[in-house]
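Residue numbers (the working numbering), protein chains in the order written: chain A, 1 to 343; chain B, 1001 to 1307.
Keep in mind that the hints were calculated from the coordinates and are not lab data.
Be aware that one or more of the hints could be misleading.
Incomplete in silico selection of chain B near chain A, CB under 10 Å [unchecked claim]:
1) L1041
2) L1081
3) A1091
4) V1103
5) G1112
6) V1116
7) E1176
8) L1198
9) K1224
10) L1285
11) I1286
Here a beta-carbon is modelled for each residue, glycine too, at the ideal position from N, C-alpha and C.
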Amino acid sequence: MSVHRDTVLIVGATILTFFLLTIGFFVLLGKPPFEMIGMLLTYALGDGYSISQTLAKTTPILLCALAAAVPGRLGLISVGAEGQLYAGAITGTAVVLAAPDLPAALMLPMMLVCAALGWAFYGYVPGILRARMQINETITTLVLNYVAVLWVNALVFGPWKDPASQGWPATITFPGAAILPALPSSRIHLGLLIAIALAIGLHFFFTRGASSQKIQILAGNRKVGEMFGLNFGTWVIVLMAMGGAIAGIAGIAEVSAIQGRLQPTISIGYGLTGFLVSWLSRHQPLIILPVAFLVGGLVAASDALQLFAKVPAASAIILQGLLFAIALAVPGIIKSMRPNYER
Amino acid sequence: MSADLLTFLGAWSIATLRSATPLIFTTLGETLTQRTGVINLGIEGEMLVGACVGFAVGVATGNPWLGLLAGGLAGATLSCLHAALVLGANANQIGSGLAVWMVSLGITSYFGRALVGNQVTPLPDLGSPLTDGVPFLGIFFGQMTMSVPLAVAAVVFAAWWLAHTRTGIQWQAVGESARISSENGIRPKIVRFKAILLGGLLSGFGGAILSVDYTQTWAQDMTKGRGLIAVGLVIVARWKPALVLPICIIFGLAEVAVLRMQTAGWSISPHLLATTPYLVVLFILIINHAVARRDTNMPADLKRVFA
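With the rest of the complex left out, here is chain A:
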């Protein structure tokens, strides 16, 4: 990975523009901008508790980003992590509900594997549609997001509802054996470790070995790849399913470690946020790691800001949207300012 002069310029300009727009945003809200940004930083990284909150948000974002990055390496734009996250929560929870008495040593692996395997399927479906029918994967993954969320709703309002929970739609509280182990008195749980391990593993998968070369060739030029006898469709399906599996783990990790039971709202848009992180990092797992941490900090801090400074919750989404827009705009603008730029 060579750090290019252009990359530094692009990243610098993106951060600077984002900083300026954030100031503008807070001014528009009628809040003192620098104080607000200071508070954002404090609530993201200020003390042990803030860092624990940030890492708790980082975990699903990191997993969803990896889920988007895997198909992204092939040039696919999969925005299905949100739905895959919900779908993974369903299959993972199914294990817990079917056998609540399993010991942790069996329960946790089974829960995770079912969340991943079952919902590799949720990536597999758009993969097949894209590979065999040329149906655009962005549209199908986006549409399927809504379906998975509704499935979770149907289950927790219906057959999976804990009768003891009166009106509240949720499953039974997970038994201790089904809760991912976490650091004492924090929300940092095993999911984070899994996510980091996956990021490192994916880095090697995408930079070393025969399959990485195949993916690179296919991503660069599909026709050349197919002349080599590589099957684009097969790789689409494999990578989409892999992405789905990773997002599935994010889902069950949230349910098990953070909420302790399945309820209608598992994610606050982690899928879309993860996609943004993956895009900002150009689908490179090792860059995704720090970016997910930064964006996780932004999400966690805006939660705190909402509580203490009465800044609306929606501002986190607005800021993410702005960040996305800037990241899209900056490279093109820099390129067009080059003297030898051809229109």
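Fit chain B to the supplied structure of chain A, relying on the hints for placement.
Here is chain B on its own, set in the frame of chain A:
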């Protein structure tokens, strides 16, 4: 017996048309945008902004028409962001659409909170003494508002305009090849900018019809993927404005069938029933593929976006 049947048919057909109307405007807008070779996933966001602003203005002024107008303008305004990113900075079109959507999700949930629970004056229905009590027509016109004929007129006009006017043909040329059209004295970026704006306008208008005319309420993220569904339906409509009408009506029919199943007391989870529109659009896309095999009518420059 036959009077019952007529009432039944009347109720179904008007319900279908009304549920399809917001989608007709949005799909038509996206079709025209894509005909110039630009895909805009941001119409989901533009529809949402249109629904939010349209509802707000409708509530504030008490005039639903002003609401619809404001919704359309809001959609067009937001679409400028997509235009700036795609045309100004050569950004990835799909990424840019998603950014637009994200911004709009945030903005509408911020400003929309104050709107929840408000009442809006709906458009008047078109029932008149002339049709009241007439078997089919009575219920048909009694539940119809101007939005339905407007949607049909918009589709007919757009189909004619695209095929038979000088500018319409220029738009098509740009969609096939920006290079060749610019060699022929057309400025592709200007055409695409106009097309993105028009798409935003129609999507915002469709969104406003959803909140002001159809549901007559505002809820956070109320479009629930309708804009994304519209992007899918454009493919099924083969990028032909005229086909937007039947495709959206099929879709509306499915939605109405689901609503009727619910009220008829089917013991299916309402959440499962709510998945139908999404599954229907996937199903239609698959059928479309089985029938057509290739994206033959896809504007050539648009293919590059997906290459």
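Numbered hints the structure breaks, given as an ascending list: Of the numbered hints, 6, 7 and 8 do not hold.
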